[in-house]
Amino acid sequence: MNAARAADSPAVAEASCVHCSLPVPAGRRSAFCCAGCEVVHGAIAAHGLDQFYRLREASAPAHTTEHDYRELDDPAFQRLHVRGGNDGRAHASLYLEDLRCAACVWLVESAPRCLPGVAEVRVDLGRSRADVSWDPAATSLAAIARHFDRIGHIPYPYRALDRDALRRREDRALLVKLGVAGASVGNLMLLGIALYAGLFGGMSWADTSFFRWVSMCVAVPGLGFAATPFFRTALGALRARRLHLDLPLSIGILAGLVWGSANVIRGVGEIYFDSLAMLVFLLLVARWIVLRHQRRASTAAELLLSLTPSRAHRIDGEHETDVAIDVPIDVPIEAIVPGDLVRVRVGEVIPVDGVVHAGRSAIDVGLLTGESRPVDVAPGAELHAGTLNVAAPLDVRATAVGELTRVGKLVASIEAMSAKAPIERLVDRIAGRFVVVVSSLAALTFVGWSLRSVALGAECAMALLIVTCPCALALATPLAVTVALGRAARRGVLIKGADALERLATPGTLFVDKTGTLTAGELAVVSWRGDLGAAALAAAAEAGSNHPIARALCAHSEPAAPAGDVREELGRGIRARVNGRDVLVGAPPWVGQSARSQPAIDGWIAELAERGETPIAIACNGVIVAVAGLADPVRPDAQAALAELARLGWHVRVLSGDDVRVVERVGAALGVPRAHCQGAASPEDKVTAVVAARARGPVVMVGDGVNDAAAMAAASAGIAVSGAAEIAIEAADVYLRSPSIGEVAATAAGAQATLTTIRRNLRFSLAYNLVAGALAISGLIHPLIAAAVMPLSSLTVLASSLRSKAFR
Amino acid sequence: MSVLYLILPLALAIAGLAVGAFVWTVRSGQLDDVDTPPRRILFDDEPRETR
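Going down the list, the sequences are from chains Y and U. Numbered by the numbering used here, the letters in the first sequence go through residues 1 to 808 in order. Numbered by the numbering used here, the letters in the second sequence go through residues 1 to 51 in order.
In isolation and in its complexed conformation, chain Y is listed as follows:
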């Protein structure tokens, strides 16, 4: 694709990266667009694997990390994830990032040629998984991981092996049934054609009888085995006193098999084996396709889960207070025990509950509490796992790990809650009425015709049960859902199951977490009072800092000049010399200690704070000259998305853990009434609000944080947005690759469009059943008509599903 684009514009073709074909930035004297591509190309060429460039279909910039993966060799990790083989080799599975095409597969599978000791690497492209086996004496898992990293596929431990094994068993069982059904339908069709030809051309009684007996010998064992999934769900539904579409299906299939066999033995009457076999086969195909799509969506979601950090930097030996001296070693998270000292670098998620041992920094606790402003921490402060270190490295003494952390306890409560009550699906509701109508009609038909002859009554009643077997009804939903799921996944909307689509299609209350969905999730300067020129001075002073406030100020303005003599006081502000002037930027009380203020400035500070913004004072040469208001700005598309959601019939509410004033500011900016904005909500408050709203109708919870996860599980459907915490992804039914609320509106619209398609399909199939049923009741049905009508109705439904407007 990139190659084609490059060919269109000669300017680009002149200098495109040897590895990824993207244009090489002007001024970069290299054949590569970036250092990452250069490293990867070097690694590939050094191993003589140039064939990669001939095999590949698509190219993208490579990225690698400098990580040494030593934690993979830690005994704690090996115990959990490495299996020993009886051939003396060790086996492990890794998730690899960016596995896309044949070239990627080839490159990864060529590892044994590059690394002595690696016995075999097998890639599963669909699951982004590589199974590696190696000789532990000759090489190590860390070395293999480093190799994958160097060639551009960053490895992660594969944590879903048990789930995979379970799914594989299910998949294989269904595939075997599909194969048996396929073979049955093929052979029954051939036998059927002979019988139908005999109807017109004449056929001796002995031959007809022989063909009928052979048909029975194929149909009864073949279909009896292939249709077991339907029988099983129908039985389960009966036991639970619930209605399920498989019930009328099973009745139709069983009636067909029993009545057909009876007719074969009696030597008179119709057999419907070929139509039945076609029906079972089509239903199994639909089921298999749906299963595959669902697997794909959940694999993608699981890959995201695996990407969350699973290692910690442990500091061993004598612990000094000086952060710079100790060199931490990487260990898997499983190896950390309470009392260990852990280094948390800037931008990393804190892996344990603990107490700050050394260092001062700012912590983004948004994922846990929903609070958008970073919290400043100093030695002695308590930290929770799952929060993000944003400003400076910290050493943390672990007090609780794994399931005992606050996050861990929250997860346990979510697991208890997320056993969602199964919704009554539209098709099942219809199937319920269908069973009643068809069986009473069959009884009436039997009684009516029995007045003339009991045999005729049984014949017509059975024909009714068989031809009204709701094949198209059963295909209608899975096909529409599969088309929708596939198209949604291409848009970056991962829907974990068909149920979620139906839950999203009925409008109700939609709770939105403010941070990350309605707002950008990052502080920015939204208002400025006083000297506009001071912005450049503030940016200069803050240029070297990593604090979110500093980043916001730097994004707001170009720095005036390089700053000198910078002193940062964490939690208070920064002091620097810019262009010969003393510049002070920070929290107003701290700046006010060493700079003069005026009543006007105090007024501004109070005004900004009242509006839910964070006031930052800027002083120059001992006088406060300006006040900046920092806040998390509303996303540009949020307004339009909320209008779209309202049009679809949703009542949108804001439910956030952030400060009440901040939430109200966002609500006001988006036109959400104050009464519908709830701030300072704890995770428990959110659950309460969701449960209360469920009494009034369907509830969808949109969020990204650990604090939202419980509410998501309690809601009828949960939507997690990009960048969401691991638990939020797990609790959600839908995962959006983009964090914007616009996609939420698109998802809701797509779900509604899917349901419209399903309804249309159901109308089609019911119409077919009406016609076939009427024919059967009047005794006019003929196996040939049944054989024509049944596939025709399925084809109509298929065409209608493909035409669906959902997620276009």
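Derived from the structure by calculation, the hints contain no laboratory data. In this text, all values refer to a predicted model and were calculated from it rather than measured experimentally. Even glycine gets a Cβ: it sits at the ideal position worked out from N, Cα and C. Mixed in with the good hints there might be a few duds.
[Claimed, not checked] Restraint ranges, calculated between C-beta atoms of paired labels, are given here:
| no. | chain 1 | residue 1 | chain 2 | residue 2 | range |
| --- | --- | --- | --- | --- | --- |
| 1 | Y | D162 | U | L42 | 26 to 34 Å |
| 2 | Y | A455 | U | P38 | 48 to 56 Å |
| 3 | U | I41 | Y | D162 | 26 to 34 Å |
| 4 | U | A21 | Y | H91 | 23 to 31 Å |
| 5 | U | P38 | Y | A668 | 49 to 57 Å |
| 6 | Y | A561 | U | L42 | 54 to 62 Å |
Position chain U against the provided structure of chain Y, taking the given hints into account.
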């Protein structure tokens, strides 16, 4: 037409063998991953030892 009485069971027996073969391929895991193998055929053979 009496040949049918021999041919038909024979044909079905062969079909049964094919089903058996299919079940074996599924059980032995050959159809677990249907995305990767079609790409693997694109790979050339190992280059022969140079010199």
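How the hints compare with the structure:
1. Y/D162 x U/L42: 26 to 34 Å: Because 33 Å falls inside the window, the suggested range holds.
2. Y/A455 x U/P38: 48 to 56 Å: About 55 Å separates the Cβ atoms of Y/A455 and U/P38, which means 48 to 56 Å holds.
3. U/I41 x Y/D162: 26 to 34 Å: holds (32 Å)
4. U/A21 x Y/H91: 23 to 31 Å: holds (29 Å)
5. U/P38 x Y/A668: 49 to 57 Å: holds (56 Å)
6. Y/A561 x U/L42: 54 to 62 Å: At 57 Å between Cβs, range holds.
Violated hints for the displayed structure: none, as all numbered hints are satisfied.
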